[in-house]
Each structure stands twice: as C-alpha cells, then as structure tokens.
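Given the coordinates of chain L, assemble chain V onto it according to the supplied hints.
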Amino acid sequence: MAMGTDMAVMVGDVIPELALLVGAVIVLLLALTLPASRQAWVAWPTLIALLVAGIATVALFGGEERLTFAGTYAVDAAALWAKLFILAGTAAVVLLSVPWFRKDPRHGEYYALLLLAALGAVLMAGAADLKEVLVAILLSSVTGFVLAGFHRRSSLSSEAAIKFYLVGALANTTALMGAALLFGLAGSTTLEGIGQGLAAGGEGARPALLLGLVLLLGVLGFKLGAVPVHSWVPDVAQGAPAPIAGFITAIPKVGAFLFLARLMLVLPEGVDWQPLIAVAATATMTLGNLASLWQDDVRRILGWSAVSQTGYGLMAIVGLGASSLALPALLYFLAAYVAGNIAAFGVIVELRGRTNLADFDGAGRVRPALLGSLAISFLSFIGVPPLAGFVAKLLLFAVAIEVGYLWLAVVAAINTVISIVYYVRVLAPAYLRTPAGPIATLARPAAVATYLATAAVVLVGLLAEPFVAAFSGRPLLP
Amino acid sequence: MLTIAILLPILAAIGVGLARNVSTGDGERRLQQVATVVAAVPLILLLVAWSRFGGSGGFEQVETVPWIPTLGVAWKVGVDGLSLPLATMTALLFVVAIAYPVDFRGRAAAYLALMLFLEGVSIGLFLAQDLFLFFVFWDVSLVAMYFLIGAWGHGDAARSALKFFVYTFAGSLPLLLAILALYLASEPRTFDMAELIRQQPLAGAGLYAMVVFLGFFLGFAIKTPMVPFHTWLPPAHVDAPGPASAILAGVLLKMGTYGFVRILMSMMPDAFADLAFPLAVLAVISIVYGALVALAQTNLKRLIAYTSVNHMGYVILGLAVAGVVAPGQEAAQRLALDGATLEMVAHGLITGGLFLISGSILTRGGTYEIAEYGGLLDRTRGLTVGTAVLAFASLGLPGLAGFVAEFQIFAGTLGVFPVLAMVALIGIVVTAALFLRMLGQMFLGPLPERWRSLPDLGRVVLGAIGLLVALVVLIGVAPALVLDVIDSFVAPFVAG
Chain L
1 MAMGTDMAVM
11 VGDVIPELAL
21 LVGAVIVLLL
31 ALTLPASRQA
41 WVAWPTLIAL
51 LVAGIATVAL
61 FGGEERLTFA
71 GTYAVDAAAL
81 WAKLFILAGT
91 AAVVLLSVPW
101 FRKDPRHGEY
111 YALLLLAALG
121 AVLMAGAADL
131 KEVLVAILLS
141 SVTGFVLAGF
151 HRRSSLSSEA
161 AIKFYLVGAL
171 ANTTALMGAA
181 LLFGLAGSTT
191 LEGIGQGLAA
201 GGEGARPALL
211 LGLVLLLGVL
221 GFKLGAVPVH
231 SWVPDVAQGA
241 PAPIAGFITA
251 IPKVGAFLFL
261 ARLMLVLPEG
271 VDWQPLIAVA
281 ATATMTLGNL
291 ASLWQDDVRR
301 ILGWSAVSQT
311 GYGLMAIVGL
321 GASSLALPAL
331 LYFLAAYVAG
341 NIAAFGVIVE
351 LRGRTNLADF
361 DGAGRVRPAL
371 LGSLAISFLS
381 FIGVPPLAGF
391 VAKLLLFAVA
401 IEVGYLWLAV
411 VAAINTVISI
421 VYYVRVLAPA
431 YLRTPAGPIA
441 TLARPAAVAT
451 YLATAAVVLV
461 GLLAEPFVAA
471 FSGRPLLP
Chain V
1001 MLTIAILLPI
1011 LAAIGVGLAR
1021 NVSTGDGERR
1031 LQQVATVVAA
1041 VPLILLLVAW
1051 SRFGGSGGFE
1061 QVETVPWIPT
1071 LGVAWKVGVD
1081 GLSLPLATMT
1091 ALLFVVAIAY
1101 PVDFRGRAAA
1111 YLALMLFLEG
1121 VSIGLFLAQD
1131 LFLFFVFWDV
1141 SLVAMYFLIG
1151 AWGHGDAARS
1161 ALKFFVYTFA
1171 GSLPLLLAIL
1181 ALYLASEPRT
1191 FDMAELIRQQ
1201 PLAGAGLYAM
1211 VVFLGFFLGF
1221 AIKTPMVPFH
1231 TWLPPAHVDA
1241 PGPASAILAG
1251 VLLKMGTYGF
1261 VRILMSMMPD
1271 AFADLAFPLA
1281 VLAVISIVYG
1291 ALVALAQTNL
1301 KRLIAYTSVN
1311 HMGYVILGLA
1321 VAGVVAPGQE
1331 AAQRLALDGA
1341 TLEMVAHGLI
1351 TGGLFLISGS
1361 ILTRGGTYEI
1371 AEYGGLLDRT
1381 RGLTVGTAVL
1391 AFASLGLPGL
1401 AGFVAEFQIF
1411 AGTLGVFPVL
1421 AMVALIGIVV
1431 TAALFLRMLG
1441 QMFLGPLPER
1451 WRSLPDLGRV
1461 VLGAIGLLVA
1471 LVVLIGVAPA
1481 LVLDVIDSFV
1491 APFVAG
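Sequence order for the protein chains is L and V. One point on numbering: in my numbering, the residue at position 45 of the first sequence is 45, and numbering is uninterrupted. Add 1000 to the 1-based position in the second sequence for my numbering, that's all there is to it.
Next comes chain L alone, as it looks inside the complex (with noise of 0.2 Å):
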C-alpha cells in the first residue's frame, strides 16, 4: 500500500479531533477580530465545530475496531460513544455559556479553550499510548485551569483554580515518571506493547511495575476526582463559572475512565490490580457523600457528589475482564452521569449561579419546571428508576456481585443511602417550604440546555435497550 493512501485513512480515523482542533483556531481568530459586542457570536462556530465532529463521529460506526496511527490511538465502539457523550455534554456546556457570560466582553476565547478542553477529554478517550494520554491529560488540564479561573475578578474562581493547579501540576508530572517506569520495563509505550512486553517480564519487575502504575493512576484519578487526589472537585464546583464547573466536573471523567479501563486490561495476569480499584472506589464514594452531608452551598454539594459518582463508576473498572457487563455498565454510567450532571449545574446556571442552600426555599414552586429538572437530576443519581442513574446503578452492582466483589456492592448501597440526605436538603426547602420571593432566570439557551439534559436524564433510563445493547460485546481495544 503506498504511503499517501496509509495516511488518508488514519488521517480519516481522527476527523472529529481535527473538527474540533481547527473549530478552535476558527474561534479564536472569531474572537480577536470581533468587536466586544458581538463576543457572543463565536458560540456559533463553536457549535457547528461540535455538530462536525459528532456527524464524523457517527459517520466512524460500523467500521472495522482497530488501532491507528502506529498502535497509540483506538477506534472503537466504546471510544466513539465517549466521544458522542463528550461532544453532546460540551454542546449544552456552549448553551449554558452564552447567556451566562453576556455581560464579559472578551469571552471569545472562552470557547476556543472549551472546545480544546473537549478535545483533551476526546482524546483520551481513545488514547492507547502512554505519550498520547498525556499529551491528552496535559490538554485537558491546562485549559481547564484556565476556564476554571475564568472569572478573574473573583476570587472564589481563582481559588479554585490554584488549587486545581497545583494538585494537577503535581499528578501530571508524576505521571511521567510512572510512564517512563513502564516504558522501562516493558520496552514500549503503546498499550499493546506494553501487555506484551510486561508479559514477558516476569515476577522481578513487579515493584518498580507497580511503582509506575501507581503514579499514572494518580493522574488518572486526578482526572476523575478520585481519592486522594480529588480535593479540587468542591473547589471548583463552587468556584469556576458554573458552566465550566458542570463541564470540568463530568466531560474529563469520560475520557479518563475510558483510558483507565484500557490500561487495566493490559496489565498482565498476576497483578492484583481490582483489589486497588476496589478500595479507591471506597474510599471516593464514602468521603464523597460524607463530606456533601456538611455543606450549604449547592455547588459544593454537587462538587462532592461528583466525587461520590466517580467512586461508583470505578466499580465498573473492577469487574473489568471477569465480567461481560463491565464495559456497558461503564459506558452507560458515563451517559447517565453526564446528562445529570449538565442538567444539575444548568439548573444552577438558569437560576443565574444561585447557589447558597438559604435560598432554594420553595424555589420548587416558583420555578416548578427547573426545580423539577433538578430533582429528576438528584433523583438520577440516587438510583431512583426509571431515570437513567437507576439502570447505571442497577448494571454496576450487578458487575461488583458477579465478579464476586459483594461488599463493595453493599458499600456502594449503604453510601447511596446516606447521599440521600444531602439531596434531600436541597429538595424538601424547595417544595416543602414557603417561597421568599421572586427568583431570576437567565435567557433562553440555558433553559433549552438544562431540559434537553434531563430528557436525556429520563428517556435513556425509559429506553435503554438500544444503550445497552450498543455498549455490549464489543470488545475494549487493545
């Protein structure tokens, strides 16, 4: 096969990345040329980048499931659905932005960086090689401490995004040297590469392996918001512009998990990596939900509950091997998560950033159609059929109890019950109690975003069959 050829059909495997890279240049050069009235605009082309990419995502199904560009980059079933979940959730991140940041002029760049930020999460989505999933992490991150301190003028913002910073500059560069240690041992970066190379290694290299492969969960779960590195989740849940908070909080997460997933298939037999899993899972959702029950600012509440999700989902990767519901239940937590995480924090954002616990007194009965949005939200990630959170749920304690982790099926249960209470303490002031007043909304795009996120909420818990169908028996690549 010539060479042109060669490179025509990889260069055709990653057109939703160059959609979304040459979207962003489009965006930026947009925003130094407009005039400060008409910042807004770019969300135009920010959107149409998105759309571009998602048709070209699409258009990628059926194909062959294979690995590109020299083994580093996957193209499969599960990449492509993380990537249809990241584009969709940065779409209705765009809406929430637009009314949100009417009032600053220069907010063009804004969505040059988000959708980098997007483009970060797509990437590692289908990252299967060391160097590219941190060149993916370190996209992710950089724009992300940039969009988190985006209101500069505001100092909760900025705190959120120095703390963002600093936990992440310390997990991005540990994690090179958890690379370089696994790049040492098994002779390659690749995954492939390296499930052969540390295969043939043998029982002598097992500290320095591990060694490794705990300083690149590290940044892993950074990405996550995984104990112990998940004490910038509340921060900027509170602090960043809540568009971004309901971003950064969910989009990196899918393409985090869905690396995660694939490095754990590559380990080889002998290292007891769910045990690991299984305690970071613990360990998140139990601080998560313990640490929500004491606080009286939403946006935190939503920040630490965020923390508790990632420590359900994780539970999926422990079954990940043993079990044919791993990867479903993996893919189809991440499509629950994201639609009700964009419709909490849009709720959040229609209702123009309100946030303090005091003031959602009978918010339910002067704005029943938001609240109601919330609720269905909170109510998701309970587990409460027929919402979409139920099923995830349902699907990852069938994972743990099939792979013969039951208590950490029980653990999850029990942590579930007490997440009640703080969703609870939002809800019951809305409804139960008598209203203080008039409540402002913003305009119109928020609103749309925050609906269209909770009908994805109800009616991929009411339909779920073709999900689930779809997220199984395909295999993870490599």
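Each hint should be verified, as a subset may be incorrect.
Stated by the list, open to error - Computed footprint of chain L on chain V; a stretch qualifies when at least three of its residues, placed anywhere within it, have a C-beta under 8 Å from a C-beta of chain L:
(1) 1058-1071
(2) 1150-1160
(3) 1181-1191
(4) 1415-1424
Stated by the list, open to error - Here are the in silico distance ranges between beta carbons for each label pair:
(5) L:R352 - V:R1452: 29 to 39 Å
(6) L:E65 - V:P1188: 19 to 29 Å
(7) V:R1052 - L:D297: 55 to 65 Å
(8) V:L1007 - L:R66: 42 to 52 Å
(9) V:P1188 - L:D297: 44 to 54 Å
(10) V:L1207 - L:M10: 33 to 43 Å
(11) V:T1367 - L:V366: 48 to 58 Å
(12) V:R1105 - L:D297: 41 to 51 Å
(13) L:P368 - V:L1444: 28 to 38 Å
(14) V:G1058 - L:P466: 46 to 56 Å
(15) V:V1037 - L:R102: 42 to 52 Å
(16) V:G1366 - L:T434: 35 to 45 Å
(17) V:T1231 - L:N356: 29 to 39 Å
Simulated from the structure, these hints should not be mistaken for laboratory data. Just so it is clear, CB atoms sit at the ideal spot from N, CA and C, and this is done for glycine as well.
Leaving out everything else, chain V in the frame of chain L:
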C-alpha cells in the same frame, strides 16, 4: 387491559398535575371529581379481570412487551390468586382515598397527581411479573409517598417524610442487590418471575443463598414493617394526611408482605423453610410488641399505626407457617396462607378506613389525643358507627373480615407452631382491650361542652367509609368471594 390499569392513572397524573385554574374551592372540587373518576377506571378493569379469572394456579391474562431484552427485562404483567385480590383492594382504596376530602393547602393539582401516580405504581407492583419492573414500582412508590407526607402532612412532616424515605430506601437497596444476585444466578439470565420460580436459581447455594435471603428479608421486613424495623412507621403515619396514611397502611405495607410470598417463598422456598421458625418468632414479637405499644398510646393515629405492626405480624406468622417444612400439616399450612393473604386484603380495607376516619376526626377536633374527646355517640352517628365497625373488625369480631383471616392464621399456626400460636393470642386480647377502651373514651360518656357543635361526617366521607364498611362486612359473612380466588394460588403452592 392490565397494562391500561397501570398506565392510565400514571399518564392521567401528568395531565392533572399540569391543570391550571384550580386555586378556587370550586376548581379544586371539580379536579378532585375528575381524579376520582380516573382512579375508578383501574378498579373497573380489575373487576373485569376478576370476572375472567380462571383460577388455574398460574399467572393469567399475561401481557408482555420486551423492554431491555439484552438484560432479560420485560414489561410483563398478569394476575394470579395472590396478586388479583391485592391489586383490586389497592384500586378500591385509592378511589376512596382520592375522593376523600383533604386540606389541599392550595396545591390540589400536585396532590391529586401524586395520588393518581401512586395508584398506577401500586397496582403495577402487584401485577408485575418481572423483578426489574417490580423494583421500579417499589422504588417509585417511595418517592411519591415522600412528597405526599412532606407537603400535605402536619406536625414535623418534613422530618417524618425524610425518615420514611431514608428507612424504606435503605431497605430497597438490599432488595435490589438480592434481586441482582438472583438474576446473575439464573441461566439464561432473566428477571422474569415465572421463569425464576421455575429455575430456582439459588437452590442448594448454601451460605450465599442465606446472604441473598437476608437482602430480600431486610427490604421486605422494613416495608412490612416487622419489629425491630418498624420505627419509621409511627411518625410517618401520624404526620401524613389522612388519605396518605390510609394508602401507606393499606397498600404500601402490603408490598412487603406480598414480596415475602411472591419472591422469597416462591423463588427461594428452601432458604425460606430453613428460616421459617426464626421468622415466625419475629412475627410473634411483632404481634405482641405492636399490641402492647398500641395499648400505651394516647394518640389515635399512633394507636392505629401500632395495631398495623401487630396485624402485619399475623400475616408474617401465617406465611412462616405456610413456608416451613411440616409433613402431614399441608391442610394447616393451606389454612395459614389463605388466612395471611386474606388478612392483607382485610387489613387494607379496615386500617385504610380507620386512617381515613382519623383524618376526619383531626379536621373536626384539631387533635388526635383520644382523651380530648368523649360522648361523640350522641353528636355524630355516622362517625361513631363507621369507627366502631372498623375497630371491631380490626380486633377480630366474628362476622367481619378481620376475624375470618385471623381465625385461619391461628388455626393453621396451631397445627405447626402451637406454642407460638398461644403466645400470639396475647396480641388478640390486648388489641381487643385497646380498641374497646378507645371506643369508650371517644364515643361514650358525657359530651364535653366544646364538641357540642362538632359536625358529623359529610356525604362523600360517609359514602367512602360506608363502602369500606360494607366490604368488610361482606367479606366477613361471605369470605368465599375472595377466598376462592386466593385459594387458587394457595392450594397448588402448599401442595408444592
């Protein structure tokens, strides 16, 4: 047709919830009339199903639509001799409860929507033939009841509602894990009840089966509730509005006992038989403890709430008797299971009625304290007769529904666990005493000055209570009307 009985009230709930211009008294009344008519449709459909019921012993009139075939989940509903009486009783109680006057607090649309929604969900739970579907209805009913108690309750309603929700949700999660364990053990994997009953996936699984049993048991025991898992019940009942209390006691508690029969006894009979005796002991504790604590109550609703603990104890005792391995005692076991199932229906009608009446007493007198009342017999004939008949039915007077059920449970228990039957008799004696004392305090003696103008029950309430009373009497004198249907499930079940 059964599907319509479930979905119609749920869909109607959305329409009612969006209704506008109901802030006036007239608008509220009209909307309530509409809701009552809608609520009556499932009752009619279930009566039609009853008339077509063949009593084959298996599931009949089954309707199936694949839902998540990849996971073996289907929308599958049908009836047998166990679910048909319970679903019909549920539909009836909802018609009465929805028609019942209540203080809407300016939110009639939301209240009626939640009640209709809960009706569809509750009927669905008893008709579901798929464990996934069963669990969906199980969990959703909690959410609806949470809002009913929280928004239209009195006293410390928000707290009671949260306690109810956390407790019962805490019970629903072990239930979910147990359902999943059963599902994962089945081959091919399915949530289909009939298929799981056929497969008996955990037969001979030893300790693992016990753990799964424990999960189911926790879920059902909290909901039923059995001592010591009952502490959510009194505050929820006391603070809930009358019709919601009636539904809580009449319908939601039955979901627990129904689960015992439908899932534990049917899908894990070996494990159930092994643990039947401890279960019977726990049931007797519930019977005696519930009765004694009820005796100590001065608050009318708390009193009725604790008699519910006592009555649910009878049901579980009957189930334990029917589920144990007792060669040669099949007749006694059949009697016990017939009685336990009938008790579920009878308790729904009787206690549902009592809670509705106590709601009316609260709106008239402003308190549940029994000692505050007296001599109401002269003033309010309808209220007195209704309360008296239901109270006598509850304490097991012959000729009324409660007697038939409890007699059969005791007769069956005497054959299998004679000592426990003797102990449980204490419960009957104490319940009789406390109801008679309550009737005496409230309705006999001199009428205090401040109740001279206490109004009697209105037309709607009299009709509603009258209907329940009539059914309680009817089942009492002609139990075969219901027992024949129940026995079509029980006889083959006990015969194995």
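Do the hints match the structure? See the list:
Given as covered by chain L, the region 1058-1071 of chain V passes the check, having 6 residues with a CB less than 8 Å from a CB of that chain where 3 are the minimum. Counting residues of the region 1150-1160 of chain V whose CB falls under 8 Å from any CB of chain L gives 4; the rule of at least 3 is met. Counting residues of the region 1181-1191 of chain V whose C-beta sits closer than 8 Å to any C-beta of chain L gives 3, which meets the bar of three, so the coverage hint holds. Three residues within the 8 Å Cβ limit are the bar, and the region 1415-1424 of chain V against chain L gives 0, so the coverage statement is violated.
Checked against the hint of 29 to 39 Å, the pair R352 of chain L and R1452 of chain V fails, with Cβ atoms roughly 56 Å apart. A hinted range of 19 to 29 Å holds for the C-beta pair E65 of chain L and P1188 of chain V, which are about 26 Å apart. Distance hint check: the CB atoms of R1052 of chain V and D297 of chain L are about 58 Å apart, consistent with the given range 55 to 65 Å. Distance hint check for L1007 of chain V and R66 of chain L: the Cβ-Cβ separation is about 45 Å, which falls inside the suggested range of 42 to 52 Å.
For the pair P1188 of chain V and D297 of chain L, the beta carbons lie near 49 Å from each other, so the given range of 44 to 54 Å is met. Taking the beta carbon of each, L1207 of chain V and M10 of chain L are about 55 Å apart, not inside 33 to 43 Å as hinted. At about 34 Å, the CB distance of T1367 of chain V to V366 of chain L disagrees with the hint of 48 to 58 Å. Between R1105 of chain V and D297 of chain L the CB atoms are about 30 Å apart, so this pair departs from the stated range of 41 to 51 Å.
Separated by about 49 Å at the C-beta atoms, P368 of chain L and L1444 of chain V break the suggested range of 28 to 38 Å. Roughly 33 Å separates the CB atoms of G1058 of chain V and P466 of chain L, a value that falls outside the hinted 46 to 56 Å. The hinted window of 42 to 52 Å between V1037 of chain V and R102 of chain L holds, with their beta carbons roughly 49 Å apart. The supplied range of 35 to 45 Å is broken by G1366 of chain V and T434 of chain L, whose beta-carbon atoms lie about 22 Å from each other.
As the Cβ distance of T1231 of chain V to N356 of chain L is approximately 33 Å, the hint placing it in 29 to 39 Å holds.
In summary, the numbered hints that this structure violates are 4, 5, 10, 11, 12, 13, 14 and 16.
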